[in-house]
Amino acid sequence: MEWSYRLLTSDEKIALERLSVFRTHFSLADAVAVREGGELEHISVMQIIVGLCEKSLLTNYLHGNVPRYRLLDVTRLFARERLDEMDDHNETYARHAELMRELTNAMESHWKLMPEAVWASTYHSALGEIRAAIEWAFSPGGDIDIGVPLTEVVTCSAYFPTLEARSLYPQILKAISAKGSDSNR
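Throughout the sequence shown, residue numbering follows the working numbering, covering 12 to 196 in sequence.
It should be emphasised that the hints constitute simulated quantities derived from the structure, not laboratory data. As the structure is a prediction and not an experimental result, all values here were calculated from the model. Ideal Cβ positions, reconstructed from N, Cα and C, are used throughout, including at glycine. Among the hints, erroneous ones may be present.
Said to hold, decoys possible - Label pairs and their computed distance ranges (CB to CB):
id: 1; residue 1: D156; residue 2: L83; range: 31 to 37 Å
id: 2; residue 1: M57; residue 2: H121; range: 33 to 39 Å
id: 3; residue 1: A40; residue 2: H135; range: 28 to 34 Å
id: 4; residue 1: A117; residue 2: M12; range: 21 to 27 Å
id: 5; residue 1: N71; residue 2: P151; range: 30 to 36 Å
id: 6; residue 1: A40; residue 2: L83; range: 17 to 23 Å
id: 7; residue 1: L138; residue 2: V85; range: 19 to 25 Å
id: 8; residue 1: S150; residue 2: R93; range: 37 to 43 Å
id: 9; residue 1: H135; residue 2: N71; range: 16 to 22 Å
id: 10; residue 1: L138; residue 2: S67; range: 25 to 31 Å
Starting from the given sequences, assemble the full structure and let the hints guide the process.
Laid out in structure tokens, this is it:
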């Protein structure tokens, strides 16, 4: 993996690292959202993604009519290690969490508008990404101000399994308690 990584351009390396925040698949729009805060033009991100696919570092497929991309687990873990070594890695995680908050807001508004089966097939695969965003938000380097609204939406909704939400409670309570202790100093 290291050998392939060294052959990448600096933009490809940064993109691969940033894209490692996705545990599952993502769209081009998702990639733009986490890659340098969307500073690169849409076309530039597309060119980088095509290059990473050609180098077999990303896989691609169609989900309905929408192209989706995914890093293989070995590639994602390698790139995630590189991302976590960067000083600004939490900014990438924050952009991912904001993207998931936007997604959960859309999920909530679509819940009443879409037939349940269509809604479930559209959004079910996002649960892993939402969980990742919540885990980051309540981690030591995370942002509770992003995590609380994200958690409120998912724990009060029918689409986030109760056991899934409960498994996050200890981490959430610890982070909120730590933030309360910090603000009392």
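Could you tell me which of the numbered hints above are not met by this structure, giving the numbers in increasing order?
2, 3, 4 and 8
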